[in-house]
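K.L.:
Protein chains in written order, with our numbering: chain W, 2 to 361; chain C, 10 to 364; chain P, 540 to 845.
Quick caveat, the hints were computed from the structure, so don't treat them as lab data. Don't be surprised by glycine CBs; every beta carbon is placed ideally from N, CA and C. Mixed in with the good hints, there may be bad ones.
Lysine to any residue pairs mimicking SDA-like chemistry, simulated, CA-CA at most 20 Å apart [what the hints assert, rightly or not]:
#1 249(C) / 650(P)
#2 8(W) / 650(P)
#3 111(C) / 192(W)
#4 128(C) / 8(W)
#5 115(C) / 195(W)
#6 128(C) / 177(W)
#7 115(C) / 176(W)
#8 111(C) / 8(W)
#9 190(C) / 594(P)
#10 115(C) / 172(W)
#11 330(C) / 177(W)
#12 128(C) / 173(W)
#13 249(C) / 714(P)
#14 128(C) / 192(W)
#15 128(C) / 172(W)
#16 8(W) / 838(P)
#17 8(W) / 806(P)
#18 115(C) / 186(W)
#19 128(C) / 193(W)
What the simulated footprint calls covered on chain W by chain P, stretch by stretch (three residues with Cβ under 8 Å from a Cβ of chain P suffice, anywhere in the stretch; the number is not a length) [claimed, not checked]:
#20 151-160
#21 212-219
#22 321-335
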Amino acid sequence: MRLELEKRAEHSRTMAVLSPLLALLLTLVSGAIMFALLGQDPVRALYTFFIEPLTASWSLQELVVKAAPLILIAVGLAVCYLSNTWNIGAEGQFTFGAIAGSLLPIMVPGFETPLTLPLMLLMGIAGGMLWGAIPAFLKIRFGANEILTSLMLVYVAQLFLDWLVRGPWRDPEGFNFPESRLFSDAAILQPLADGRMHVGALFALLAVIAMSVILMKTLKGFEVRVLGQAPRAGQFAGFSRNKMVLFAFLLSGGLAGLAGISEVSGSINQLTPVISPGYGFTAIIVAFLGRLNPIGIFIAGFLLALSYLGGEAAQVSLGLSDKTTRVFQGMLLFYVLACDTLILYRIRLTRTFAPSGKEA
Amino acid sequence: MRKLLSMAAAAVLSFGVVGAEAADKLKVGFIYVGPIGDYGWSYQHNQGRLAIEAAFGDKVETVYIESVSEGPDAERAIERLARDGAGLIYSTSFGFMNPTLKVAKKFPDVKFEHSTGYKRAANVSTYSARFYEGRYVIGQIAARMSKTGTAGYIGSFPIPEVIRGINAFMLGAQSVDPDFKVKIVWANSWYDPGKEADAAKALLDQGVDVLAQHTDSPAPLQVAEERGAIGFGQASDMIKFAPKGQLTAIVDDWSVYYVNRTKAVLDGTWESTDTWGGLDAEMVLMAPFTNMPEDVANAAKETVEKIRSGKLHPFTGPIYKQDGELAVADGILLDDQAMLGMNWYVKGIDDQLPQ
Amino acid sequence: MGGYESILLTVITAATPLLLAAIGELVVERSGVLNLGVEGMMIVGAVLGFAGAQATGSAYIGALCALGAGMGLALLFGFLTLHLVANQVATGLALTLLGLGLAGMIGEAFVGQPGIRLERLHIPGLSTLPFIGPVLFGQDLLVYLSLALVAGVSFVLFRTRAGLIIRAVGDNHGSAHALGVSVIRVRYLAVLFGGACAGLAGGYLSLAYTPQWVEGMTAGRGWIALALVVFSTWRPLRLLAGAYLFGAVGILQFHAQAHGVAIPSQFLTALPYLATIIVLVMISRNRVLTRINTPACLGQPFVPDR
Chain W
2 MRLELEKRAE
12 HSRTMAVLSP
22 LLALLLTLVS
32 GAIMFALLGQ
42 DPVRALYTFF
52 IEPLTASWSL
62 QELVVKAAPL
72 ILIAVGLAVC
82 YLSNTWNIGA
92 EGQFTFGAIA
102 GSLLPIMVPG
112 FETPLTLPLM
122 LLMGIAGGML
132 WGAIPAFLKI
142 RFGANEILTS
152 LMLVYVAQLF
162 LDWLVRGPWR
172 DPEGFNFPES
182 RLFSDAAILQ
192 PLADGRMHVG
202 ALFALLAVIA
212 MSVILMKTLK
222 GFEVRVLGQA
232 PRAGQFAGFS
242 RNKMVLFAFL
252 LSGGLAGLAG
262 ISEVSGSINQ
272 LTPVISPGYG
282 FTAIIVAFLG
292 RLNPIGIFIA
302 GFLLALSYLG
312 GEAAQVSLGL
322 SDKTTRVFQG
332 MLLFYVLACD
342 TLILYRIRLT
352 RTFAPSGKEA
Chain C
10 MRKLLSMAAA
20 AVLSFGVVGA
30 EAADKLKVGF
40 IYVGPIGDYG
50 WSYQHNQGRL
60 AIEAAFGDKV
70 ETVYIESVSE
80 GPDAERAIER
90 LARDGAGLIY
100 STSFGFMNPT
110 LKVAKKFPDV
120 KFEHSTGYKR
130 AANVSTYSAR
140 FYEGRYVIGQ
150 IAARMSKTGT
160 AGYIGSFPIP
170 EVIRGINAFM
180 LGAQSVDPDF
190 KVKIVWANSW
200 YDPGKEADAA
210 KALLDQGVDV
220 LAQHTDSPAP
230 LQVAEERGAI
240 GFGQASDMIK
250 FAPKGQLTAI
260 VDDWSVYYVN
270 RTKAVLDGTW
280 ESTDTWGGLD
290 AEMVLMAPFT
300 NMPEDVANAA
310 KETVEKIRSG
320 KLHPFTGPIY
330 KQDGELAVAD
340 GILLDDQAML
350 GMNWYVKGID
360 DQLPQ
Chain P
540 MGGYESILLT
550 VITAATPLLL
560 AAIGELVVER
570 SGVLNLGVEG
580 MMIVGAVLGF
590 AGAQATGSAY
600 IGALCALGAG
610 MGLALLFGFL
620 TLHLVANQVA
630 TGLALTLLGL
640 GLAGMIGEAF
650 VGQPGIRLER
660 LHIPGLSTLP
670 FIGPVLFGQD
680 LLVYLSLALV
690 AGVSFVLFRT
700 RAGLIIRAVG
710 DNHGSAHALG
720 VSVIRVRYLA
730 VLFGGACAGL
740 AGGYLSLAYT
750 PQWVEGMTAG
760 RGWIALALVV
770 FSTWRPLRLL
780 AGAYLFGAVG
790 ILQFHAQAHG
800 VAIPSQFLTA
810 LPYLATIIVL
820 VMISRNRVLT
830 RINTPACLGQ
840 PFVPDR
């Protein structure tokens, strides 16, 4: 027996709908088996993971808080990946955006005007763009592999933040603990409801809408896809590969930077040595889970956020360890990735060896 | 055992008696910054949780969330515990300070205990342990045991907690040998066995023969054992990792405090307090004094006794800063505020504090 | 022991896990596959290596378990990315997530237990020679294996037909397929080899570097291994140099600190990353050199047309 793929003439619309459902079904079945093996009631465990966080207003808001930065970063990354530009350093751009945006409330705490927040957000975006521009520049000017440079810059940004909050940006009234001063109210993104959901969520929504329009309806979107899928054809059409690299990095860096400053301003209210539970890396998974499509990313962001919240719920109400959560998440991702194959390919099992499969 | 319990709980619940759950039970929640498998900071806090279960049995139920990143996730995790009906919540890392206060504001009826911070509220207590007392003791032992007159010290991050420990270690050592030297390296991590081992090897290669550490893994002790050097365990008794190399260990023991505070909530006597207990409160324990001559062990026991009874305070003046400036006048005890924010080295430490 | 000699020994220990993991990933990438799950395979290798040694009392059997564990995860990666042509970047990241979780689950029972150390070889007459004795002849088996692997991979890749096939598959899978090479099979073998090496690297951590198990003990070394592969421009001998350079920078920063050099430790920690970027830029400026070595099909899925 042998498993073979056959390329479909075009995307299967049926499968595009069915594959995530199939993946979910497979995850539920394997999850149920895993929970049963761990001595849990599978139905209750799955309920805790996927339904319980959706049953209360506060956890729904928390879901939005967790999903917003993931979505914001992932839509930017989607443009990179669609155009065949490999930015995997969004975590660093997030961090640097947060640092740049925090300049005002930390260095000039007395500056409390209606302008404070807009300026912070702009500086956050600029910071993310700046950090994204470095790998783009190195790629364009020297041909340095952007996967590596953007990844390395993540650690540099994180260590820079670490140095700042342990050194020059330490809270003067904070007994030399590694934290910046708390932001004043003028520097805090206000909540949207009674919980922790804040204005940052709207940025994510706007980004999804804007990117949908840009990718589907504009020449720029066409350029992104052409350069990604057929770079030579794109060049014949007069599109510049280098300009696209810069565009993709600036866009994704700017959005990551915006996510960074929104998170710091709206939810942490100060700079600390750790400001991200790996948003920039998780967003890469979100981008691919969402098939590099803004709407898909929107759904994928919520799905992943749900699995985090569900994991915490499971720890508290079932005593499941967080390792179980991570294994479960890994499983979910594998199934979704595997099932997406069905959209582009037909799978068939054949009995005979293909002629090309020479024993080598 | 825990698995069995949770199995039983799940079985009960699946029969549909959800409402009967723990109406009169106190739910005690814990937030850990690392995995409970770190065999260091979070592991010891989890031991404290188990002590609560052992002490109160059916009267309490404990829950925890581990590996909670300090940052945007912390507030959600703490709130999750509060919403889940926890009446008492321990948030066990400095970085949870502001999130804890924010959640505490929303849940005035829930009691919060935040470890190693300095901000309190009507329903938020703080607690920490005077680990520096133990470090004074091991400083004395190091000075007595070292043949080269130089100890190596592996720090995590240059924060007041760690600097205080280095100073106490040095003051202890100087009380035995005024010319004692210490070489300090920073691992820039609380918890990276490989890096800690590298740091230990680098120090031994630089001619130190005693190692002290303020990082969490037993790796430096293992290195000491392998190289025939000696050292001190951190957070828990690590004698299994270095049967010939461990002299003693500074053990974090939260169980007494946790049991007392839980009892206070059960009795309705809980109040917001600031606890900073040391050897006397049994929040800091010394592992058995091993691999040293009897007179050294006896001297160490004597010092422990003196600190416990209040006759000896490690930070008693005169204490001079590195540059010779008098930091604490003769006969005066350094106050807790000054200790809390300590960011200077005592005289005799050649190293420069990275800023 | 003399000063330089023992520093050298420390550098060898620090470099070996990086080298093991990276030499495997180098072959994987040469065949055109990018597996970002090195960290995940390493950590599962670390925990199963520890478990195997505890269960049998033999560190060697532990190392074999580590190797098998890495291959197991690599097989999963191969099935998804090669058979089902799932995206390699996303699958690799998911593999890391899964690996960290699995390792934590398996390892719960082993926390706080001292491990069994992989013994250093002792060759009578040679190991006791001054300086070169302990450095050259007193290491454990995995150190020699890592060096042998570099030599072996270098030889196979550039001197044998098998190596030619691997490189052909990585550079132009379409042509390789047209010539009758089974692209998928070659890539499977490469991915499995990479998994075995990453597993061994993890095993080295829990059996030789620091014989113990704690969660997250790989502490990002899988990512550094990935960086090293690009740093080396996919050349085994440069990889060897790079791994030892990275190891040395890590060790020497501690020595600098112990000498009282007051540089913020964040800067010292960032140094290897900055160094990688700079070296990468310098290498990349020579475009011919880069083009010769970079596998052109890196990360691109392959489905045989018919």
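K.L.:
Give me the numbers of the hints this structure contradicts, sorted from smallest to largest.
P.N.:
2, 4, 7, 8, 9, 10, 13, 14, 17, 19, 21
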